[in-house]
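Engineer: Can you build the whole structure from these sequences, using the hints too?
There are 2 protein chains.
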Amino acid sequence: MTESYFMNLIKKRKSERSYDSGHEVADGCIESMVEAARLAPSASNRQPWHFIAVKDADIRKRICREALGGIVANKFAFEAPVIFILCTETGFSAVKVGEIVKGIPYHLIDAGIAGEHLVLRAAELGMGTCWIGWFNGKKIKKILNIPKGIKVVSLITAGYPKLRNEGNGPGKAKGASVPEISTPEKRDPVKKRKPLNSILHWDKW
Amino acid sequence: MTESYFMNLIKKRKSERSYDSGHEVADGCIESMVEAARLAPSASNRQPWHFIAVKDADIRKRICREALGGIVANKFAFEAPVIFILCTETGFSAVKVGEIVKGIPYHLIDAGIAGEHLVLRAAELGMGTCWIGWFNGKKIKKILNIPKGIKVVSLITAGYPKLRNEGNGPGKAKGASVPEISTPEKRDPVKKRKPLNSILHWDKW
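Line order of the protein sequences matches chains A and B.
For the record, in the first sequence the residue sitting at position 184 is 184 according to our numbering, with numbers rising by one throughout.
For the record, in the second sequence the residue sitting at position 153 is 153 according to our numbering, with numbers rising by one throughout.
These aren't lab readings, by the way, just hints derived from the structure by calculation.
On a predicted model such as this, the values are computed, not experimentally measured, just so you know.
In silico DSS-like pairs for lysine-lysine, Cα to Cα no more than 27 Å straight-line:
| id | chain 1 | residue 1 | chain 2 | residue 2 |
| --- | --- | --- | --- | --- |
| 1 | A | Lys142 | B | Lys194 |
| 2 | A | Lys204 | B | Lys75 |
| 3 | A | Lys142 | B | Lys204 |
| 4 | A | Lys102 | B | Lys55 |
| 5 | B | Lys148 | A | Lys194 |
| 6 | B | Lys142 | A | Lys204 |
| 7 | A | Lys11 | B | Lys11 |
| 8 | B | Lys102 | A | Lys75 |
| 9 | A | Lys138 | B | Lys102 |
| 10 | B | Lys138 | B | Lys61 |
| 11 | A | Lys55 | B | Lys204 |
| 12 | B | Lys61 | A | Lys204 |
| 13 | A | Lys102 | B | Lys102 |
| 14 | A | Lys194 | B | Lys142 |
| 15 | B | Lys102 | A | Lys139 |
| 16 | A | Lys148 | B | Lys96 |
| 17 | A | Lys192 | B | Lys96 |
Now the stretches of chain B that chain A is said to cover, found in silico as 3 or more residues with beta-carbon under 8 Å:
| id | segment |
| --- | --- |
| 18 | 26 to 40 |
| 19 | 43 to 51 |
| 20 | 54 to 66 |
| 21 | 106 to 112 |
| 22 | 117 to 123 |
| 23 | 140 to 147 |
A virtual CB, placed ideally from N, CA and C, is assigned to each residue, including glycine.
Structural biologist: Structural data, given as structure tokens:
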């Protein structure tokens with residue numbers, strides 16, 4: 001099997017926890033990331049997702065202090081120049097009925113799909129991202145004025161990685177809006193994963 | 001914003017509901033698709049996913065008859081040469097505790113992320129796929145001998161699209177394992193989606 005652009009892209013993506021806070025993310029890049037999410041498939045094409053792109057430093061600080069407070073592991077979020085708040089509509093619909101009948105909240109699967117489109121587009125644009133699942137949803141809703149019927153599902157930080165000693169990461173290509181992804185990511189080894197034969201079953205379990 | 005390989009790939013992907021049932025999917029392609037899923041991020045790197053690649057015609061028929069029966073919209077699944085059963089481990093763990101505390105079953109978001117990696121890799125390989133959310137999970141577990149503690153989250157059909165009159169789709173490139181994606185997909189217009197400004201909010205809702 002020939003190595004592919006897409007396989008390289010998903011290997012390039014990693015959960016980035018160190019951002020260059022002074023390197024702003026252009027609005028056009030944010031729009032392109034959400035555009036990638038917009039084109040994602042969803043149950044019955046319901047498209048339940050919303051993305052709030054929080055760039056404002058004061059609002060980001062409030063989110064980090066009030067909704068991620070006390071979680072040491074998430075302190076890196078302070079540095080990220082953008083925090084995406086991924087929300088879904090949870091109102092009544094045929095899909096909602098299906099969720100109740102089948103016991104599977106499809107809107108969360110849809111959120112995963114769309115959010116990962118955003119994350120992979122960010123990787124293509126030379127940015128790092130990190131999914132954050134541990135937060136205080138009620139506080140975020142209050143800070144951002146999110147209405148009833150909308151659930152905060154995940155946070156995704158985004159920005160250019162902080163330069164490290166070796167300096168060959170995408171963070172160096174500050175001027176380039178779409179850096180090539182062919183450069184080997186020396187500091188970006190694929191995180192430890194279970195072996196393929198432990199997750200792939202043929203025909204039966 | 002320059003058009004990108006990844007944006008083209010996600011535009012190429014569509015929910016395929018018409019397969020060339022005689023065009024088998026090579027095991028190497030199936031492995032590559034699950035490899036893409038394997039590299040996906042997950043909450044606390046828990047990797048809760050399992051993929052059962054059902055190629056056997058008799059088992060596929062049983063699934064379609066017994067677990068998708070009566071759902072007219074899913075009849076296309078009979079034609080797909082592979083049906084992936086996407087499952088997740090639902091056992092006790094720190095993440096599970098988080099799910100209970102926060103009310104968000106992260107394993108479903110993780111399943112969406114990993115499943116979409118598989119779907120996009122399939123698109124890169126010239127295949128069509130379709131997420132199926134409406135099925136009888138208990139019957140599928142019985143047919144496939146899926147143990148306790150494992151939840152069937154979604155089905156994903158995969159295969160080469162049936163040739164249509166215009167014949168320029170990826171289904172034509174029968175011999176090529178990795179068709180180029182630069183060819184415009186005339187018969188693959190992006191499904192209707194909400195406009196960007198209705199799902200992207202800046203700084204606050």
